[in-house]
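Be aware that the sequence shown starts at 0, since it is given in numbering that gives the first Met the number 0, and climbs by one per residue.
Just so you know, nobody snuck in bad clues.
Restraint-style ranges between C-beta atoms, simulated for each label pair: (1) 101 with 38: 39 to 45 Å; (2) 61 with 94: 37 to 43 Å; (3) 281 with 116: 40 to 46 Å; (4) 167 with 64: 47 to 53 Å; (5) 170 with 38: 53 to 59 Å; (6) 61 with 166: 35 to 41 Å.
Derived from the structure by calculation, the hints contain no laboratory data.
All values reported here derive from a predicted model rather than from experimental measurement.
Glycine is no exception: its CB is placed at the ideal position from the N, C-alpha and C atoms.
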Amino acid sequence: MKTQDINLKIKSIYRDLSSKEKMIADFILLHPEEVMHGTISNISDTIQVADATFFRFCKRLGYNGFQDFKIALASEKVSSSLSIHENISKEDNELLMAQKVFDSNIKSLNDTKKLLDEQELIKAVQFLTAAKTIGFFGVGGSSIIAMDAYHKFLRTPLNSTYTQDTHIQMMQASRLTENDCAIIISHSGITKDTIQLAEIIKEKKAKAIIITSYSLSPLAKFADALLLSTAEETDYRSEALTSRITQLSLIDALFVSVMFKTGDFATHSLEEVRKVISQTKL
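Make the full structure from the sequences, and use the hints.
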């Protein structure tokens, strides 16, 4: 894990941390120099938490312990800010506002790129290429991402399903088997309907690829492969809104990998789709 990723990892779990863990997270982000040069006992005393609590927090971030965490932290200072703001002001014209929105989106994409996990991606592509049927699931704004994914995967040789209606999604989930795979999308990972869908899918023993921004969310616990998206909340846009561009990019990455893995079958499928679509154009 790159040190730059410490900030992103903390952000992906921050919402679901205990009050004491949030105190540790805040201290690391605001005082990285003190953490790099201090002992676990001194820092724990400053924050007023137990040494063991700090040690477990380092493990939760993916490090072997406090010393391993310090080595990573020392290689590059962590940003002291949990979020970035577009800083749009009333004095900005339309062009400048647009440029700031683009900058915010670019940062979200770069942050998500840093969170890519090779093993999780490998598993996800294996599940997809081995599946008899792939179901795409998401409610609310995430349904739009699921529809886009379905639209892309119709070009693959794999059998895909999607519907916008939540109740019909549940019906489709109930028809999946251990030979199938589901991609479930939810920025927050705490939407009741989405969690219910995940429960149905796991009951049917289908593989679940979860795309979410929170690795400790209830939805993430259902993942056979977990892909993390990230986004920055700004004064004018929620995290959920800006996370969509990162989720779309994760879907694009899966689509391209599947197309390469399925080789000649993918080429034939793509040609068939293009041939039909071409007839709709002048």
